[in-house]
Amino acid sequence: MKLKILTIMTMVLFTAFKPFIASAQFSEAEIKAVYIEKLTRFIDWPAETHMADTIQPFILGVIGDHTFDTILNEVFSVLKIKNKKVEIRYLTNFKNIENCNLLFIAKSEKQSLPEILNYTVGHPILTISDTQGFAEKGVLINFYIAENKMRFEINQAAVKKSQLMFDSMLLNNARIVNRVE
Amino acid sequence: MIKFSNFSIKNKIIGIILSVTTTAILTGFTIVVIDSVRSSHSELANNTLLNARMVGEYCIVPLTFDDRERAAQTLSKLQTIPHITSGFIFDKDYKLFAAYNPGNDPLPEKINTHAEFSGNNLFVYDEIRFDGENVGYIYLKVSTAQLHKKLNDKIIAMIGVSIALILLSYTIALKLQKIISEPVLKLAEVTKTISDTADYSLHVQKQSNDEIGVLYDGFNNMLEQLALREKERDIVQQALAVSEEKFRTVSESSPVPISIFSKDVKFLYVNPAFEQLLGYSLTEVREMNPVEIVHPEMRDLMIKRIQDGRLGTNERSRYELKAITKNGVALWLDLSSVYIEYENKPATLTKSIDITERKRAEEEILKLNNELEQHVHERTAQLEKANKELKEFAYVVSHDLKAPLRAVSRLATWISNDYESMLDQTGKEYLQLMVGRVKRMDLLIDGILEYSRIGRIEENIDDVNLTNLVNDVIESLQPPKHIRIHVEKSLPTVPGNSIRLIQVFQNLISNAIYYMDKSEGIISIDCDEQEGIWLFHVSDNGPGIEDIHFDRIFKIFQSLHPRDEKETTGIGLTLTKKIIENAGGKIWVESEVGKGSTFYFTLPRIDLPVSDNVHINQPHSAGIN
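Protein chains in written order, with the working numbering: chain A, 21 to 201; chain B, 7 to 631.
What the hints contain is simulated information worked out from the structure, not anything from laboratory work.
Heads up, the beta-carbon is just placed ideally off N, CA and C, and yes, glycines get one too.
One should not assume that every hint holds.
Residues from chain A shown here face chain B by an in silico Cβ test under 8 Å; the list is partial [to be verified]: (1) Tyr55; (2) Lys58; (3) Arg61; (4) Met189; (5) Leu190; (6) Asn192; (7) Asn193.
Chain A on its own, in the form it takes in the complex (with noise of 0.2 Å):
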């Protein structure tokens, strides 16, 4: 367990450098736990959801029958977000996720997956997916592989739509599904 964290360790403070053929040592859960970190730097959430408050946790969700295993939970017990302690729900009901600050949408629930947005729209909950077709749906942002490396889409107009505000680097720095001009 011990060397495990220090791997992560590791992988997150290499990863930004490292070709990504180089880290095949890395599985692509580890890569997508880190990027979920690496992603909530450039969004913020508004001021209601008390991100400033570094004693209350950061909740994220996972809901559908996901790949992680114990990796977020590995991960996320040595990475921050936004510097408040994660803690991560493993949800079966979308109705439990009104209090995730952040939802992780497996591939399982592309059936209820209008369901789900239809809920998280009205929220300030950051939507990531890693399934193809679920950005053009409205999840926020989508991992996707090209060329052998990790890499996301992220909706335009389903950001604008939600309450939480992106940095436009990020934009300029990922492929737009439903661009808004």
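Fit chain B to the supplied structure of chain A, relying on the hints for placement.
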């Protein structure tokens, strides 16, 4: 070496103006260039830094998510900025992340400054930070060649402008310098013309009222002065020539020997009269020492005089000199010298008048005078001796005569007393007559004694109040009723012996009373103040005296009346005269027969200084005042 001070005024002014303008232009130029280089460098540095920041910011996300392609894409946008030759993004461990490097520049060294100019390049370094965390580094390399070309173009343009400005200012200076240089050059030209031609009638036309105008005025004024001086000098020179000619004529024909000698006592000129007098020609005297013409008796004196520097000074002097001629004849000369200028040098002009004859005559007269004085002394001594003897004789005789006379008187008394009964009337009368004659004889002898005493015996001199004295005298004389005596005004106080002064007034007044022949006699006494003397007069309206007797009456025993007619000793006026003369005065008489006489006598007036009187505090002074 060409010295600036040797330049003409024109060139000096141009030089000064040009140096000022050039300095100003070059200084301005340099400042502008330096400022422009500095500002364009800093502008470039700032712009590049800004670009680096922006590009760096664009690379934050690619760096975060390891998106090298996007970073390269972002960097490739740098090609729109032409002077950026290359750009590099490094990750936070300083490993190359992305590059824009069309010219294949070598990887830059890590530098610490934000911007560094090196050669023709500018290197800009910036840290890329996100959320206070270092995410990487950016390097931009900028070619400054274009900037330098721009700057060079600017500098060349400015040099061109500067040259144009300097040329312009040279042209302006060339024109404007005339304002100052032209009047000065003109003045110089006129000055040169004047010094060449000596024509002081030239003038310069004044054109401005500045210092040069003042200079022109001064110059014109100076020229006028010079012209005036020249005119005056001509007049003076002419006058001098005339004067010299006159002098020459006068001195050549003058019978007075004239010589001129220099300050170091050398003969410069002698006239023919001088040549004739001393026997030396002009050529000869010029060669000789003037002392040689001085008689050996006086040479030492003369040499001393020369050594004292008393010759040749402008002191006008006159003295007598014994000279000796070439032939050895001694001459007395009366020399009178004046200081003159001869041939533009100080000199002494001396007139030498031959006074040998006069000198001889003077000596003769002096000799005679001395002899005469000797005679007078001898005679006076003889006379004084005789006088003294006479006085003593008179005294002795008178004194000795008194004893037998007393005996005769006593005998007559005895005869009169003891033999009265034996004498008849005639005998008695004779005896009476004898007693009378003896008495007169006694009075006579007293008078002579008194006379001889005056001047022989020292007498006390006091201040005598004559008013009181005369009143006392009148009272003591008890004049008869028909004679009125009055003192015209108050008489002065004089120094003298009161007894003698009583005798004077007593004699004169008693004589007047004594000889009065009128039924109403008037005697008046008065005094006039004259220069140095008091003039007293005692007048009467008596019988008067004939002119021929005026001198006689003052001589001893010269009574004008027969002894028997008037009982007088005939010595009174003689005594009076002697007293007056002894006191330094004179006495005389004026008279008209039948109408009266006036006796005048004087006494020297010695003014009594009042303050001295008080100061001395003589005991009798109170009585006088």
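Now for the hints, and whether the structure bears them out:
Given the 8 Å rule on beta carbons, the hint for Tyr55 (chain A) holds: about 7 Å separates it from the nearest Cβ of chain B. A hinted interface residue such as Lys58 (chain A) counts as satisfied when its beta carbon comes closer than 8 Å to some beta carbon of chain B; here the least separation is about 5 Å, so the hint holds. A cut of 8 Å between beta carbons decides the hint on Arg61 (chain A): the least distance to chain B is about 6 Å, and the hint holds. Hint status for Met189 (chain A) relative to chain B: holds, with the closest Cβ pair at about 5 Å, below 8 Å.
About 6 Å separates the beta-carbon of Leu190 (chain A) from the nearest beta-carbon of chain B, less than 8 Å, and the hint is met. About 7 Å separates the beta-carbon of Asn192 (chain A) from the nearest beta-carbon of chain B, less than 8 Å, and the hint is met. For Asn193 (chain A), the shortest C-beta to C-beta distance to chain B is roughly 4 Å, which falls under 8 Å, so the interface hint holds.
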